[in-house]
Structure formats: structure tokens, C-alpha cells
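Engineer: As a plain string of letters, each chain reads:
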Amino acid sequence: MKSAVIVFPGSNCDRDAHDAIERVTGEKPAMVWHQESDLPEGTEFVMIPGGFSYGDYLRCGAMASRSAILPAVVAHAATGAPVLGVCNGFQILTESGLLPGALMRNAGLTFVCEKAPLKIDNGNTRFTSRYGSTSELIIPIAHHDGNYFADAETLDRIEGEGQVVFRYGNNPNGSQRDIAGVMNEQGNVLGMMPHPERAVDEKHGGTDGLALFESLLGSA
Amino acid sequence: MKAKIHVYLKPGVLDPQGAAVAGALHNMGYEEVTAARQGKLIELDLTGDDADAAKARVDEMCQKLLSNPVIESYSIEIA
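In the order they appear, the protein sequences are chains A and B. Heads up: the first sequence begins at 93 in my numbering, then just goes up one per residue. Heads up: the second sequence begins at 3 in my numbering, then just goes up one per residue.
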């Protein structure tokens with residue numbers, strides 16, 4: 093599967109994303125600069141990595157979601173192709189309107205950087221199918237603005253539609269209903285604050301992120 | 003012309019930074035403070051002299067970039 097990683101000024105997980113994708117597919121993803129207006133031809137999977145795009149100015153992800161490459165990502169998502177946004181990538185996906193809700197300052201006001209226990213809330217998605225009977229994971233988190241907010245009506249709706257994919261076992265940031273990752277209604281766009289690309293090698297301290305990429309990219 | 007835009011969190015959206023500010027003011031002895039909400043002030047310099055037209059354009063800017071309608075409201079002042 094051909095993949096692309098979008099790179100913004102201030103992205104800092106783009107190389108981890110690149111390495112995780114290469115490990116699972118054996119193919120290097122294209123690294124696409126935010127000023128491009130098209131994805132490389134044949135791109136199937138798009139990943140928006142973590143970081144602090146545009147210095148988090150105005151709101152996290154606000155500037156990046158209005159950058160030149162985003163209309164191509166939105167159009168790509170509309171075809172049903174898979175798109176994954178991690179951390180700042182999740183913020184960019186909510187700011188662009190591809191995902192419901194918003195990410196606010198952590199309730200405790202501090203940056204949190206730890207291994208987070210997660211529960212898979214929906215194991216029947218193209219992002220989680222390879223987890224099998226596993227329902228609890230440890231995936232690293234590192235963020236200051238991961239406090240997921242949506243109004244009660246939206247929360248009820250996304251829960252009812254199975255769009256909540258991951259929840260925190262031990263809510264680190266005040267997120268409504270412990271939500272750590274949500275997907276769109278069509279099930280092809282996922283945003284999550286935890287970093288699966290930082291858990292794909294024993295040297296990372298764990299490999300619980302690997303099955304997410306395998307689910308997506310179809311490797312053994 | 004200038005536009006002043008106040009962006010603030012909608013009622014009902016928890017504001018942890020505002021709560022911390024209120025807590026700090028309490029610690030300093032300002033016990034009359036019952037709540038604090040923190041927002042943003044954005045000032046724009048604009049060309050043109052039609053205030054109504056300017057306000058309509060700034061309103062569009064607020065909807066497209068300057069505020070996030072999921073969590074924020076805004077008000078516009080043209081001077």
C-alpha cells in the first residue's frame with residue numbers, strides 16, 4: 093500500500109511515522125510538505141503526524157488545517173481511503189472538520205508524557221481489526237492539549253455509532269467520557285492522542301502500536 | 003479601520019486555565035472573584051471604509067479560522 097506522511101513546520105513525529113509504516117509495509121512512505129497541493133499519485137494511506145505545527149499558534153492544529161495540502165487530504169478522505177491523525181494530527185483532523193469535537197488544554201494544565209493504558213472500544217474497524225481478542229493496550233502519550241470535548245448530543249451520537257475507538261484506562265487529561273481516539277462516521281478517518289508509531293519496536297518499550305498499522309496496511 | 007475580535011469559550015465548556023486564574027487570585031487574597039474565564043483578543047487592521055461590509059468579512063474570518071465553533075463564540079467590534 094502506498095503511503096504518505098504530511099510534514100508541517102513543527103511536525104516532530106513524522107520520522108517515527110515514516111519508520112513505523114516502512115516496518116509494516118516494507119515500503120517508504122512519501123514525505124509530503126504542507127505547501128504541496130496534491131498527494132503523490134497512487135497514495136492510499138495518509139498519516140498526519142504529531143508535533144507542534146505552526147507553534148500551536150491560535151489553536152492547536154488551526155493553521156495546519158488551513159494549509160495548502162489539506163484540501164487534497166480532505167478530498168482523499170472523501171474517497172473512503174484511510175487517514176490517520178496522531179496527537180497534533182488528531183487536532184488537525186478536528187480543526188479541519190473531518191472528525192467531530194475539539195481538543196482543549198489538559199484539565200490538569202500540565203503536559204503529560206507517560207505510557208497510557210488504553211481500552212479498545214471498537215475492535216471491528218480497519219484500524220483495530222488485527223488486535224484480535226486483545227482489548228487493553230499500553231501506548232505512549234505526550235501532549236498538552238488532549239482534552240477531548242464535544243457537546244453531549246455529539247458524544248451520544250458517536251458512541252452510538254461506534255465511532256469511539258479508544259478510551260483511556262486512567263484519564264490523563266480530562267477528556268469527555270475518557271475518549272482517546274475517534275473515527276468518522278464512514279470509518280476511514282481516525283484521530284487519536286496516543287502515539288502508536290512510538291510503540292512498534294521492543295526498544296520503544298512496547299509493541300502495542302504495531303497491530304494498528306498492520307490492521308491498516310494489511311501486513312502479517 | 004480596525005476590527006477587534008473577542009473569542010471566548012462557550013458557556014458550559016470547562017475552562018481549566020480560567021479556573022487556575024481564579025484559584026491564583028483567591029490565593030492572593032482576592033476572595034470576591036467567584037469565577038474567571040480566559041479568552042483571546044485579536045486585532046486586525048483593515049483597508050476600506052465600509053464598516054458593515056468589513057464586519058461581514060470579519061465574521062466570515064471568524065467562522066473559517068479565528069474561532070472554533072465547537073468550543074468558542076466570538077464578538078466583533080469595528081472602529
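Please keep in mind that the hints were generated in silico from the structure rather than gathered at the bench. All values reported here derive from a predicted model rather than from experimental measurement. Each hint should be verified, as a subset may be incorrect.
[As the list claims (entries may be wrong)] Covered by chain A, according to a simulated footprint, are these stretches of chain B (three or more residues, beta-carbon under 8 Å):
id, region
1, 18-29
2, 49-61
[What the hints assert, rightly or not] In silico negatives: residues of chain B with every beta carbon more than 10 Å from chain A:
id, residue
3, T36
4, A38
5, G41
6, S77
From the three backbone atoms N, C-alpha and C, an ideal C-beta is built for every residue, glycine too.
Engineer: Which numbered hints are broken by the structure, listed smallest first?
Structural biologist: 2
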